[in-house]
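Produce the entire structure from the sequences given, and follow the hints as far as they go.
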Amino acid sequence: DIVLTQSPVLAVSLGQRATISCRASQSVSISSINLMHWYQQKPGQQPKLLIYRASNLASGIPARFSGSGSGTDFTLTIDPVQADDIAAYYCQQSRESPNTFGAGTKLELK
Amino acid sequence: EVKLVESGGGLVQPGRSLKLSCAASGFSFNDYWMGWVRQAPGKGLEWIGEINQDSSTINYTPSLKDKFTISRDNAQNTLYLQMSKLGSEDTAIYYCARARRYNYFDYWGQGVMVTVSS
Numbered sequence: 001d002i003v004l005t006q007s008p009v010l011a012v013s014l015g016q017r018a019t020i021s022c023r024a025s026q027s028v029s030i031s032s033i034n035l036m037h038w039y040q041q042k043p044g045q046q047p048k049l050l051i052y053r054a055s056n057l058a059s060g061i062p063a064r065f066s067g068s069g070s071g072t073d074f075t076l077t078i079d080p081v082q083a084d085d086i087a088a089y090y091c092q093q094s095r096e097s098p099n100t101f102g103a104g105t106k107l108e109l110k
Numbered sequence: 001e002v003k004l005v006e007s008g009g010g011l012v013q014p015g016r017s018l019k020l021s022c023a024a025s026g027f028s029f030n031d032y033w034m035g036w037v038r039q040a041p042g043k044g045l046e047w048i049g050e051i052n053q054d055s056s057t058i059n060y061t062p063s064l065k066d067k068f069t070i071s072r073d074n075a076q077n078t079l080y081l082q083m084s085k086l087g088s089e090d091t092a093i094y095y096c097a098r099a100r101r102y103n104y105f106d107y108w109g110q111g112v113m114v115t116v117s118s
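Those protein sequence lines, which keep their order, are chains A and B.
Going by the numbering used here, the first sequence opens with residue 1, and the numbers climb by one from there.
Going by the numbering used here, the second sequence opens with residue 1, and the numbers climb by one from there.
Among the hints, erroneous ones may be present.
Chain A stretches covered by chain B per the calculated footprint, using a threshold of three residues with CB under 8 Å from any CB of chain B [unchecked claim]:
#: 1; segment: 30 to 43
#: 2; segment: 49 to 55
#: 3; segment: 91 to 104
No wet-lab data here; the hints were simulated from the structure.
Where is the CB? At the ideal position from N, CA and C, for every residue including glycine.
Take a look at the structure:
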């Protein structure tokens, strides 16, 4: 299985930039298609799609969210961070079955 | 509006079986892959598996392949998860989700809680 590694916690100040990383144990890209996706989950809620295929903003998601990366290293950036962004963030790969999620990064206020 | 509504959860004794349902509406159900994801209390997301439009391809995470069965009824717009030989480690919120091309999930249900305890 492809293992996705995320830092457990990231502390950030409101109005600053947050950079959340996800590293895969092997490449999750096929040619130019990067099969990494990002979700946000707030307490008591279901996950919400933020970014698909590494850099594509999902419908209705504010432009302060962006994604980048290829191969094994991917980044979700929130700039600027707002109070409503305090949540857990998960990466997911769909390059290979079984698809897998990272363990999540909890975004906290500094 | 896309809606996914899970049902069938609750308290179940260890070793027993349980079948979850996910009622889909607001989109053409038989055009999409669908999947199941679970989340143990205080833990992260775990991908359970996925099923294609005509049920000809079903993928599972290996550790659950012998315990869980995913199926669908396109006439009823419903996705199912049959769970057997349940143990305490299966206590979790179970989410159904709609999959898009390249198998990311763009819509999720609100989840249903399954508690395995005697």
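Do at least three Cβ atoms from the segment 30 to 43 of chain A come closer than 8 Å to Cβ atoms of chain B?
holds (count 5)
Report holds or violated for chain B covering the segment 49 to 55 of chain A, Cβ cut-off 8 Å, minimum 3 residues.
holds (count 3)
Are there at least three residues in the segment 91 to 104 of chain A whose beta carbon sits under 8 Å from a beta carbon of chain B?
Coverage by chain B holds here, the residue count being 10 at a Cβ distance below 8 Å.
Hint compliance for this structure: every hint is met.
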